[in-house]
Every structure is written in structure tokens, then in C-alpha cells.
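Visitor: Each chain, written out:
Protein chains: 2
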Amino acid sequence: MDRTKIVELYRRSEELGGQAVTVAGWTKSVRDMKNFGFVTLNDGSCFKDLQVVMNREALANYDEISHLSGYNALVCTGTLKLTPDAQQPFELTAQTITVEGTCAADYPLQKKRATVEFLRTQQHLRPRTNLFRAVFRIRSVAAAAIHSFFQERDFVYVNTPLITTSDCEGAGEMFRVTTLDPKNPPLVSAEAAEKSGGALTAGDVDWSQDFFGKHASLTVSGQLNAENFAMAFGDVYTFGPTFRAENSNTTRHAAEFWMIEPEMAFADLNDYMDNAEAMLKYVLTTVMEKCPDELAMLNKFVDKGLLDRLHHVATSDFARVSYTEAVKILEKAVADGHKFDYPVSWGIDLQTEHERFLTEEHFKRPTFVTDYPAQIKAFYMRMNDDGKTVAAADCLVPGIGEIIGGSQREERLDVLERRIHELGMNPEQYKYYLDLRRYGSCKHAGYGLGFERLVMYLTGVGNIRDVLPHPRTVGNADF
Amino acid sequence: MDRTKIVELYRRSEELGGQAVTVAGWTKSVRDMKNFGFVTLNDGSCFKDLQVVMNREALANYDEISHLSGYNALVCTGTLKLTPDAQQPFELTAQTITVEGTCAADYPLQKKRATVEFLRTQQHLRPRTNLFRAVFRIRSVAAAAIHSFFQERDFVYVNTPLITTSDCEGAGEMFRVTTLDPKNPPLVSAEAAEKSGGALTAGDVDWSQDFFGKHASLTVSGQLNAENFAMAFGDVYTFGPTFRAENSNTTRHAAEFWMIEPEMAFADLNDYMDNAEAMLKYVLTTVMEKCPDELAMLNKFVDKGLLDRLHHVATSDFARVSYTEAVKILEKAVADGHKFDYPVSWGIDLQTEHERFLTEEHFKRPTFVTDYPAQIKAFYMRMNDDGKTVAAADCLVPGIGEIIGGSQREERLDVLERRIHELGMNPEQYKYYLDLRRYGSCKHAGYGLGFERLVMYLTGVGNIRDVLPHPRTVGNADF
Numbered sequence: 001m002d003r004t005k006i007v008e009l010y011r012r013s014e015e016l017g018g019q020a021v022t023v024a025g026w027t028k029s030v031r032d033m034k035n036f037g038f039v040t041l042n043d044g045s046c047f048k049d050l051q052v053v054m055n056r057e058a059l060a061n062y063d064e065i066s067h068l069s070g071y072n073a074l075v076c077t078g079t080l081k082l083t084p085d086a087q088q089p090f091e092l093t094a095q096t097i098t099v100e101g102t103c104a105a106d107y108p109l110q111k112k113r114a115t116v117e118f119l120r121t122q123q124h125l126r127p128r129t130n131l132f133r134a135v136f137r138i139r140s141v142a143a144a145a146i147h148s149f150f151q152e153r154d155f156v157y158v159n160t161p162l163i164t165t166s167d168c169e170g171a172g173e174m175f176r177v178t179t180l181d182p183k184n185p186p187l188v189s190a191e192a193a194e195k196s197g198g199a200l201t202a203g204d205v206d207w208s209q210d211f212f213g214k215h216a217s218l219t220v221s222g223q224l225n226a227e228n229f230a231m232a233f234g235d236v237y238t239f240g241p242t243f244r245a246e247n248s249n250t251t252r253h254a255a256e257f258w259m260i261e262p263e264m265a266f267a268d269l270n271d272y273m274d275n276a277e278a279m280l281k282y283v284l285t286t287v288m289e290k291c292p293d294e295l296a297m298l299n300k301f302v303d304k305g306l307l308d309r310l311h312h313v314a315t316s317d318f319a320r321v322s323y324t325e326a327v328k329i330l331e332k333a334v335a336d337g338h339k340f341d342y343p344v345s346w347g348i349d350l351q352t353e354h355e356r357f358l359t360e361e362h363f364k365r366p367t368f369v370t371d372y373p374a375q376i377k378a379f380y381m382r383m384n385d386d387g388k389t390v391a392a393a394d395c396l397v398p399g400i401g402e403i404i405g406g407s408q409r410e411e412r413l414d415v416l417e418r419r420i421h422e423l424g425m426n427p428e429q430y431k432y433y434l435d436l437r438r439y440g441s442c443k444h445a446g447y448g449l450g451f452e453r454l455v456m457y458l459t460g461v462g463n464i465r466d467v468l469p470h471p472r473t474v475g476n477a478d479f
Numbered sequence: 001m002d003r004t005k006i007v008e009l010y011r012r013s014e015e016l017g018g019q020a021v022t023v024a025g026w027t028k029s030v031r032d033m034k035n036f037g038f039v040t041l042n043d044g045s046c047f048k049d050l051q052v053v054m055n056r057e058a059l060a061n062y063d064e065i066s067h068l069s070g071y072n073a074l075v076c077t078g079t080l081k082l083t084p085d086a087q088q089p090f091e092l093t094a095q096t097i098t099v100e101g102t103c104a105a106d107y108p109l110q111k112k113r114a115t116v117e118f119l120r121t122q123q124h125l126r127p128r129t130n131l132f133r134a135v136f137r138i139r140s141v142a143a144a145a146i147h148s149f150f151q152e153r154d155f156v157y158v159n160t161p162l163i164t165t166s167d168c169e170g171a172g173e174m175f176r177v178t179t180l181d182p183k184n185p186p187l188v189s190a191e192a193a194e195k196s197g198g199a200l201t202a203g204d205v206d207w208s209q210d211f212f213g214k215h216a217s218l219t220v221s222g223q224l225n226a227e228n229f230a231m232a233f234g235d236v237y238t239f240g241p242t243f244r245a246e247n248s249n250t251t252r253h254a255a256e257f258w259m260i261e262p263e264m265a266f267a268d269l270n271d272y273m274d275n276a277e278a279m280l281k282y283v284l285t286t287v288m289e290k291c292p293d294e295l296a297m298l299n300k301f302v303d304k305g306l307l308d309r310l311h312h313v314a315t316s317d318f319a320r321v322s323y324t325e326a327v328k329i330l331e332k333a334v335a336d337g338h339k340f341d342y343p344v345s346w347g348i349d350l351q352t353e354h355e356r357f358l359t360e361e362h363f364k365r366p367t368f369v370t371d372y373p374a375q376i377k378a379f380y381m382r383m384n385d386d387g388k389t390v391a392a393a394d395c396l397v398p399g400i401g402e403i404i405g406g407s408q409r410e411e412r413l414d415v416l417e418r419r420i421h422e423l424g425m426n427p428e429q430y431k432y433y434l435d436l437r438r439y440g441s442c443k444h445a446g447y448g449l450g451f452e453r454l455v456m457y458l459t460g461v462g463n464i465r466d467v468l469p470h471p472r473t474v475g476n477a478d479f
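Protein chains in written order, with my numbering: chain A, 1 to 479; chain B, 1 to 479.
Heads up, some of the hints might be wrong.
Identical copies carry no separate label here, and so any pair may be met within one copy or between two of them.
[Claimed, not checked] Here are the simulated SDA-like cross-link-like pairs (lysine to any residue), alpha carbons at most 20 Å apart as the crow flies:
| # | residue 1 | residue 2 |
| --- | --- | --- |
| 1 | Lys-214 | Glu-246 |
| 2 | Lys-111 | Asp-435 |
| 3 | Lys-214 | Pro-182 |
| 4 | Lys-290 | Val-7 |
Bear in mind the hints are in silico, worked out from the structure with no lab data behind them.
Quantities reported herein were computed from a predicted structural model and do not represent experimental measurements.
So that you can see chain A by itself, here it is in the shape it has in the complex (with noise of 0.2 Å):
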């Protein structure tokens, strides 16, 4: 079929003025004043509908076409008419219409207005909706300037796996993947357990016997394999799915969600954060200029500020503070009366209500918070002179709190085996990952940005849910 995208109409208008098209579609609404009638159509190719006008007199099948509701898929040739006093540039006078397909009278969102927690239910039909429409494209249009972005800069985008054997990855509950028998799974014999010198336990599950011969898991965190790569590429970023099983119900957890974890090597934090800002402000302003009618909506019914706030990122230079200064500005804060439900001392996890103090009351801009304490934070980070916080920095930004995690790595062979010590964990499982440090190893940093959260930043859509298009969380896989 030789058909024209309504996002070419509106690309192309000056030159397919007065010409024949044909433009196939779905409708949303049919008007009929007898005599002529209009049907708005809309094909997903942008926000925009077309307006078709019919005759009664000129088209045939008039009378099917203006008694059509609900959600049906039309083919419609006519001409394209500028009409440039009007509300729409042009509107398409219409020679044909063909029904390729009518809707059900029992058409689920036929009602105006359709609350979100109905429209979760109706996951197959929700992107339909001007709500789900702007999101899924935003989400699209921010994944692709996210590829852009490390691409223009020379970074390998490096598919890391999410079956993995690992069990120390420690960030958070993990799936199990399995295609043992789940009610009778073979056991450890005695036998092999004395063989195994204490390494088995008799009447334990016999992995070795699983799929991949060992017990596996699905991955919370592709950063370890990310680095493996960055020492040969330099520059990396992953940009795929990871897991967590928690048993959280909230509005900004998913138990399948997706992250992009770039990994630079000869950088450090000031690196990353200088990566990590520019990245944001490149989304945020691609969004802004390929998705103009999305945001006018979003910004119109889910969230007035929207518009002001990527506007006023976009533009603003991040904050930079560290944690031990933060901790004094919070300090001085309940000082001065403010009130938070969780009290502040140096050495403290730093909780939502407080990034949202830093980020929204006082800095009033996306701000990095830096040098956190080690004990708080993850083993590979690097340790600062001080010998007690480590080089890592958090990016908050206002409405939402931590968006992105990130530190510059530890690269210094026996000072990571140090912590990997102290903190009782087993060297063993971190060969090839001190491999690196052994041969060849360099300063590097990276971060994890999760990139639902970017999306809800994006939409101003507050739950998680309404950001994916088939959200996985605890109790809810369907569709």
C-alpha cells in the first residue's frame, strides 16, 4: 500500500498541498452533521491527528463510515488541503474511506477519561491513549538519544549478559533461573558431598545438574562485565534489562526494569559527573525538541511544572557538594526548624526526604553529592585518602531524588583485595574482576542511571507502572 504517514503531512505539507494521499489509521472520533462529516484519525506516526472531511454526496459509503465508534482502523485517499486560517494546517478531503477494521461494541476505553489503575488492566489497549502515547514515544525518543549520545562520543555499546552465575553481586534479591524439575529437583547424594570435600551439603540441590551446571540467577547490575570491556574499549555503556526481586511495593520499583551502566576508563569521578550531566541535558533536549505536542499535554494534565523543570535542567549547571558538606547543610536546617522523619548525622544513608531537600529546597537544581562514607557504599568503590569515604557520587534531581549511582572504580590491585577482605567476602569469586587490576588496570568511573526513572523525570508520570510498557512487580506479570 502506498501510503502517507501523518508525520510526513505534517513534515511535507507545503509540497503534498493539492496532491492525492492515502493515510491509513485509526479513528477518534466520527462526527456526522448529515450532510458532511469529519473523522479524526490518527496512524501512532506522531502525536498529531488528521482531520478528514467527508460529503455525503461524494463518498460512497458514507453512511457506514459516520456511524463508526470506538477504535476502528480506516485506509482513506483523498486530497490533502491546506487550510491555513483554520486550527490544523490542512485537513484531507476525502475520495475513499475503507473499513480495514471496526470495533466491538464492548470496546474497553470507550469511556472519556479512564483512571490509570483501570488502564494497567488494559495493558494491551492503554497505548492508545493520549496518556500512553506520549509516554511510550517519549520513552523511545529518550532510548534512541541515549544510543546517540555514547555513540557520537566513540563508546561501545557492550550487550553484558543477564543469566549469570555470580552470587556475589550483592546489589539486591535476585530471580533463580532453573529448568530443574521444580518438585522433585535432584539432590546432592551422600557421596558426592563427602567428594566434595565440604564444598556440598548432602540433600542440598544438586546445581550441577541445572542447565547451566551451576545455580544461576538473573542479573541486578551488568557494571563487573561493563568493566571487562571498558579496559579494552575505553569507553562503554550497557543499555539492557536487570532484575530485582524485592518485595517492594511502591510506586518507583519494578522487578524488571532497564538501566544503562556506562564505564570510562582513564576518568574519574569528575569525569563521570561531567559524562553524567551532559548525557541528561543531551536527553532531556532531544526530548524537548522531537516530542514538542507530547510534553504540551503532559505538561497540560499530568504535571504543570514539567515544561519549566526540563527547561530549567536543561540549562542549569549541576550542583556539586559532598556528602560531608551536605550533611552540614542538613544540619543546619533542622537547626533552623526544619523537621525530617529520619535524623542527620555524618555516616548516614541519605534518606529520600533529605536528597529532596538538598536537590529541590536548597541548591534548587540537580545536584551530585560525593564522597560518601565507605561503609555505606559498594566494595569497588574507590577508597579517598582520608581512608574513610570513597570516590562515589550520587546525582539527585529535584521531583524525584536519586536518579543516577556512580563512583570511579577501584583500581589499585591491593587495596581492593583489602576491602574485599574486610568486609569477609570471598576473593575467590572476584578473580577475572581483580584479573583487571593485574593487568593493566587504570583510574575508571561509571554510573547507573535507571532509565525508568528517567522516564518518569521525562512524562512527570509518577508510578513506575505507567512508564513501562508491561510492568513486572511483585504478585503482576501479566500481558
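Dock chain B against chain A, hints included.
Guide: Coordinates of chain B only, in the frame set by chain A:
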């Protein structure tokens, strides 16, 4: 650190010639000629190296550097000297060289020409070799090209979920995803079984107590979910991981691999083939343009026909032949004395030997075989008017065989329901899928491209384990 990547030196050598620059990277070789020496440095930003020239007199730590062996991280500052008459267009005359990280003497990649089998045991280090540098950069460039191709055509990128509770995917064996106690899973009580009216069996594992409240698996395809979005956005694509728990230990199968699954509304079988052909040519052309050094190396050491084949495919029209016609061609070949291991007759599923004969010997170019017998294809493929073939097409390429499978989807509710019934499938499990045919159904088509197959094709590498950063296959999920 204000460093310049080696790729930038090549891009901007005119401008940077005679200037002081700092370059950070790893040693590929160090040669000491007594009073002067050479360091071949690579920083991963491009395939090309930088030659660093050091003079004993001018470099304070000449002895330290000239004695390095293996893979050492260096930061070199000096003057970029253009050498228009030499093999390399420029070299760096070092003023200072700082060692960031040395290389322990037991570096596993010391010896030249390690086998790919050995390198699979060194997955954290193998990206440092020329072969894997080439493969994984091409993988990254190809992935970015795929996103560009679809984004330029206004396709929406959809992240379909990996965890699924549909047991109805049918495209292959699935991995179970669970957080139940593996040894003592909860079992369905006699009481619960009775209450369920036959749906549950007493003594079976009680999946209602698992994380998602149901039995969950890793998906084998995002297609059915992608269709949900195609019926709203028109043109969509997925690009993400997919899983098969198949016990097949071949050079072409992995348990975890990446797929691209475009889905297009108002499109028929020819539209899919046009799109897929354009996409493959776009990716090939982009890789040839952006990775000439990588391809030259692969053409020299891995597959001497690689460049010829890529040029040929990028510039030739793909053949299109019906399955029925293809069977006649194969039958004629048999009659003419060609030997196949598997017999040929109408109704068989084509074997790799048949596919390769068609694309390599008969058509001598990529070939779409169309309109397969319904009984060897999936339930969702559109029934042709003959009542025995479906509007499916596989794309076969010389040297590989099938690289893409796709079809027009059955958009007619009654025909689809009848097919589900005939195949003894449970229509309840397809409620959402059938809903798409109830409300605004339209002609649509889509396809699946296995990304690793494509990377194998682009690089000439014969084993899927060598195009995946960290491959997962039966018995292997290390790193």
C-alpha cells in the same frame, strides 16, 4: 585529564599536527632500539594504534618504559608529528610517559595467536585482542545502525518484557524464573485443589505463592506484546534479549541472545520484505563505512570472502520465490544429480542444506522464500486464499542460511479463532491477542532478526560464542 582519544587524532590530524597532546591507552608492543624506542598504543577508541616515539635523552623514565611487556596502561604527552611519507600518517614524540598500571608476568594473553577456544576461557580479557576488538565494535556499530534505521522511519522502540507468565509462547523451551524455596517448594493442598475445581492438582508446586503469583518464565519472543503497540503506534520495533532453554550445543545456538522484532500496521508480506531488505542493507552499509579497519582485518584473517560478500549483498536485489517454486527448484536439482541428506517434497520444513542451495547455488544472493505450508508455521501467520499456505517469508543469506523469519499476521478474528481451535490451543490464553482483532484490527506484518546471526554474518565469525560478550550456552554461564 585533558586527553585526546586516538580516533580523534585520526579525525583531526591536520589540525592537531605539531600540537601537544595527551593520549592514554594500553601497550600492544614496546620496542627498545637502545637510544630510542617505540610504543604501539591502543586506547580502544578505534581499531588503529598510535605509534609513540621515545628518545632516551628526552624521556626521564626511558628505561622503565622500554622494559614493559604485556598490557600496560600508559598516559603519554608529547607532540603529534605528521609523517605523510611513512606508513602511519602521524606519530607521537613523547615528552612524558606515566605508567598507570603495569602487567603482571603471568598475563594470559602473552603469546601471539591464542585459539578462540582458549580465549573463551578468558572472556574478561579477550576484548583486548584484535579479533574481539573488531567483533565487538562491529556489534556495537550494527546495534546503533538498527536503532537509527527504525528511528529515522518513525518506528517506536518498545521494551517488551522478558519475564512472562504466558505458557503459550510455543517457540521453544523456556527457563523458569522463581524465588520459591528450591528444595521445599510450597505445594497445593488437597483443599485448595478441590476448591479450584480441577484447575489445580493437590501435591503440585503451588505457583500462586511464587513472586509473581503465577508460574513465570523467560520469554522466547516479544512479538505478541509488540503487536499491542503496533496497533497504537503503527510501526514499532523491539531490540532486546530473548531466551531458549534448549539443550543444543551447536555453533549457532545460545541460551541468551538478542532479537530485533519489528511490527508494522497496515503492512503486508511485501511490506515486511521491503523493510527487512532495506534494513539489512542499511546495517551492512553503515558497518562498511564505519568499520573499514575491522573488516579488513577480518577479511584477512577470518573469512577471505567477507568483504566481497558484504558488498555483493549491499548492492543486489534480494530474490523472492515461493516455497512451492523453491521445492520445484530443489526437486529439479535432485533430478539433475544434486545430493541432499534430507529428501525434498512439498510440505517438508526446509533444512539448512536446502536453504543454502537456494541462496548460494541457485539464486546466488539473499533470497526470501514465501508462502510456506500452514502446518509447518506458527498459528498467528495469515492464511492465504489457497487455504493451505500462510503469508510467511524467511530470508536466507549465503553462508548462513535463515537470518530473518517473518509473516503477515492473521488479522481476521474468525480465522484466527478457528486456527487456535484447530491446533487445540486454549483461546483463554490468547484473550488479549484476540482483542487486537476485535477492536480496530488491520492488516499487519512483522519479523524477527537474530542479532548474533547478523553479527556472525557481518564478521565472518563462525561460532555464536565469539560474537556474544559473555555467551550463555548449555553448561556455561561463567563470567
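Visitor: Please list, smallest to largest, the hint numbers that this structure does not respect.
Guide: Hint check: nothing fails, all pass.
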